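*Asks:* Next come the chains, spelled out residue by residue.
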Amino acid sequence: MISGRSWRGYWSREVWTVTLETAMETGAALTMRGVSKRYRGSRTWALRDLSLEVPRGYVMGLLGKNGAGKTTLIKLACGLLKADSGDIRVLGADPERSGPELRRFIGYVSEAPQLYNNLSLRWLAGFVAGRFPAWDEAYFRQLLRRLDLRDHLGDRFGKLSKGTKVKFALALALAHRPKVLLLDEPTSGLDPAARREVLSVLLEALRDGETAVVFSSHITSDVEKIADFVTIIDRGRVLLTEDKETLLNRVVRAVLPREAGEWLERLGEEGPVIHWQMGRRRITALIGDLDEFEALYPRALPRPFDVTRMNLEDIFVALTDAREE
Amino acid sequence: MLALVLKDLYEQRTNILFFLAFPALGYLVGPPLYGAFLILLPWSIAIRATYAEDRGGLEFLCSLPFSRNQIVTAKFLLVLLLLLLGVGEVVLVSALPPLEGTQPVPDQALWVMPVTVAGFAAVLTGAFLNLFFRIGYIRALNYSRLLALLPLALLIPQVQQIVLKSGVQLFLTSDPRRLALWVLAGSLVVYLALLLDARRVFGQKDIA
Chain L
1 MISGRSWRGY WSREVWTVTL ETAMETGAAL TMRGVSKRYR GSRTWALRDL
51 SLEVPRGYVM GLLGKNGAGK TTLIKLACGL LKADSGDIRV LGADPERSGP
101 ELRRFIGYVS EAPQLYNNLS LRWLAGFVAG RFPAWDEAYF RQLLRRLDLR
151 DHLGDRFGKL SKGTKVKFAL ALALAHRPKV LLLDEPTSGL DPAARREVLS
201 VLLEALRDGE TAVVFSSHIT SDVEKIADFV TIIDRGRVLL TEDKETLLNR
251 VVRAVLPREA GEWLERLGEE GPVIHWQMGR RRITALIGDL DEFEALYPRA
301 LPRPFDVTRM NLEDIFVALT DAREE
Chain D
1 MLALVLKDLY EQRTNILFFL AFPALGYLVG PPLYGAFLIL LPWSIAIRAT
51 YAEDRGGLEF LCSLPFSRNQ IVTAKFLLVL LLLLLGVGEV VLVSALPPLE
101 GTQPVPDQAL WVMPVTVAGF AAVLTGAFLN LFFRIGYIRA LNYSRLLALL
151 PLALLIPQVQ QIVLKSGVQL FLTSDPRRLA LWVLAGSLVV YLALLLDARR
201 VFGQKDIA
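Protein chains in written order, with the working numbering: chain L, 1 to 325; chain D, 1 to 208.
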């Protein structure tokens, strides 16, 4: 027998606590309030009434399935797309209206950077450098060395491999020391060595704690490595926003005795159990808050029960699957 | 904005040099090639430059500190620059003494033809750029090709008769130089309108 419950009531209480408090202290670099976006000719919403905040100096790992709205969110923050409704603020300014002035403080790397195939990297770097007053040439050279790009400077962009293109786009985005860095799946499609290189450069670049980063990826291990907090979106809505460590400690998988089934039924939607499944002998449950669960767990039921810690990928899959069910 | 124009000029340098060789060929073959050159130079370069933008360049530019107006205006400015370059070259080559065995360039063709054709080229390319910023590369290219085929309508006898009766007679009877300047002025007004419209539309558009 398979049984499931809605987790909506539980998660909606938790969504804002971590980020809002931190944002109040440090000032948010990116704020979205009630943002909706639907592409022309599409019946479905790419983003629906989405709200989130990224405080200054924090890295937000953005997770979501294909078509969840990750790219739309990043493009809206960059001013590439226009929102149908809602309010977007990047460093306190509206990216749609502030235009070039605001983009001096934003670094953007798309999933598959396409610059100009006929232009050399040297020429492109000069072109981009001329647009940013804060361009740091020494730092750019350091990035080129670190990312093994120095030998490619004379090459045309079109001749580069995908990994080299991404690395070059990342160097361009970092060299003007942006206050907000928007990275749309920068590591997808890269070989493990290039991925590791990109991540380590990013971690080094973010040491100063000044830059707010939106790091979208399908590769949850990358997000786990780099993010301070995680936002999971699904079908254009925020499913969860939470500090990474808290999330990893809080969400667990537990194997419970069959006798707990009746209690789980009674617990209702507001309880700490996101989803549970009755097996032949045992119940497998996805617990949203282990501490709360242990406090509520009836003494009359058999103990101890098995608890398995989950990595971010497990949590992501479990949560999105639970929502679908 | 100058940086954007220079970027396109540098990126299309090989193609521009290729097209600039046309008038030299026209010097050997005769004036009709000049007309083809003046249409092809801005149109082809605009098509090639927008192809690069369509492949991701536009998203890259829009993520940099450029305004959308600057991006649109730079493309229109590039086309004007190419037209100016083309007309200048044609006028220069036409003024050269004719080669032995070739027809001398008629006095009228010395600048009346380049100026008139440049007007048509400006409208054709302006329409292409407007459509590019409005509906995207592929559709803009298709519509623009149809527009480029417009002069072929002159091959249809009925159209020929109408044109001969109205336009050409007017052209021959009035001062052709003054008429050419009117054509150019009219074309530039249309070109400016296309630019302003493209700026308005592109300013509201999603870069998806």
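Wrong hints could be hidden among the right ones.
As the list claims (entries may be wrong) - Facing chain L, from chain D, some residues (calculated, C-beta under 8 Å):
id: 1; residue: Tyr10
id: 2; residue: Glu11
id: 3; residue: Gly56
id: 4; residue: Gly57
id: 5; residue: Phe66
id: 6; residue: Ser67
id: 7; residue: Leu155
id: 8; residue: Pro157
id: 9; residue: Asp175
id: 10; residue: Ile207
id: 11; residue: Ala208
Unchecked claim - Label-pair restraints from in silico Cβ distances:
id: 12; chain 1: D; residue 1: Arg13; chain 2: L; residue 2: Gly130; range: 17 to 23 Å
id: 13; chain 1: L; residue 1: Arg145; chain 2: D; residue 2: Leu2; range: 30 to 36 Å
id: 14; chain 1: D; residue 1: Leu2; chain 2: L; residue 2: Ala138; range: 25 to 31 Å
In case anyone wonders, no lab produced these hints; they're calculated from the structure. Bear in mind the structure is a predicted one, so any value in this text is a computation, not a measurement. Quick reminder that beta carbons are idealized off the backbone N, C-alpha and C, glycines included.
*Asks:* Can you list which hints this structure breaks, lowest number first?
*Replies:* When the structure is compared with the hints, numbers 7, 8, 9 turn out to be violated.
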